[in-house]
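Undergrad: Take 0 as the starting number for the sequence shown in numbering that gives the first Met the number 0 and just add one per residue.
It should be emphasised that the hints constitute simulated quantities derived from the structure, not laboratory data. The C-beta atom is built at its ideal place from N, Cα and C for all residues, glycine as well. Each hint should be verified, as a subset may be incorrect.
[As the list claims (entries may be wrong)] Label pairs and their computed distance ranges (CB to CB):
hint, residue 1, residue 2, range
1, P38, Q71, 15 to 25 Å
2, S26, T63, 29 to 39 Å
3, Q11, A67, 16 to 26 Å
4, P41, T7, 18 to 28 Å
5, T7, Q72, 13 to 23 Å
6, Q72, T9, 26 to 36 Å
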Amino acid sequence: MQTLSHETATRQAGLTRLDAFLPTAGSNYARGRNFDPGPDQPLTVSGLSPFIRRRLVTEQEVITRVLAQHSQQAAEEFI
Numbered sequence: 000m001q002t003l004s005h006e007t008a009t010r011q012a013g014l015t016r017l018d019a020f021l022p023t024a025g026s027n028y029a030r031g032r033n034f035d036p037g038p039d040q041p042l043t044v045s046g047l048s049p050f051i052r053r054r055l056v057t058e059q060e061v062i063t064r065v066l067a068q069h070s071q072q073a074a075e076e077f078i
């Protein structure tokens, strides 16, 4: 995972990352979260931690947007 610098640690970058992750935040995340797909393969993790840690994106925003696209049951592992 790429390290955030002060140039890339922006709210917009965090929201873009969230938008990219939303389609897989449900059952796809639950199935693949404990597996490493190997080099050059897309990860099933969100990559949102650096943005949440810096409060550029809040937990509530993430949960609200995930639940707008996935049922609570499907998104339970991510949430």
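Undergrad: Next step is simple, just say for each hint if it's right about the structure.
TA: Hint check results:
1. P38 with Q71: 15 to 25 Å: violated, 34 Å
2. S26 with T63: 29 to 39 Å: Violated, since S26 and T63 (Cβ atoms, about 19 Å apart) do not stay within the stated range.
3. Q11 with A67: 16 to 26 Å: holds, 19 Å
4. P41 with T7: 18 to 28 Å: Holds, since P41 and T7 (Cβ atoms, about 19 Å apart) stay within the stated range.
5. T7 with Q72: 13 to 23 Å: violated, 34 Å
6. Q72 with T9: 26 to 36 Å: Taking Cβ atoms as reference, Q72 and T9 lie about 33 Å apart, which means the hint holds.
Of the numbered hints stated above, those contradicted by the structure are hints 1, 2, 5, listed in ascending order.
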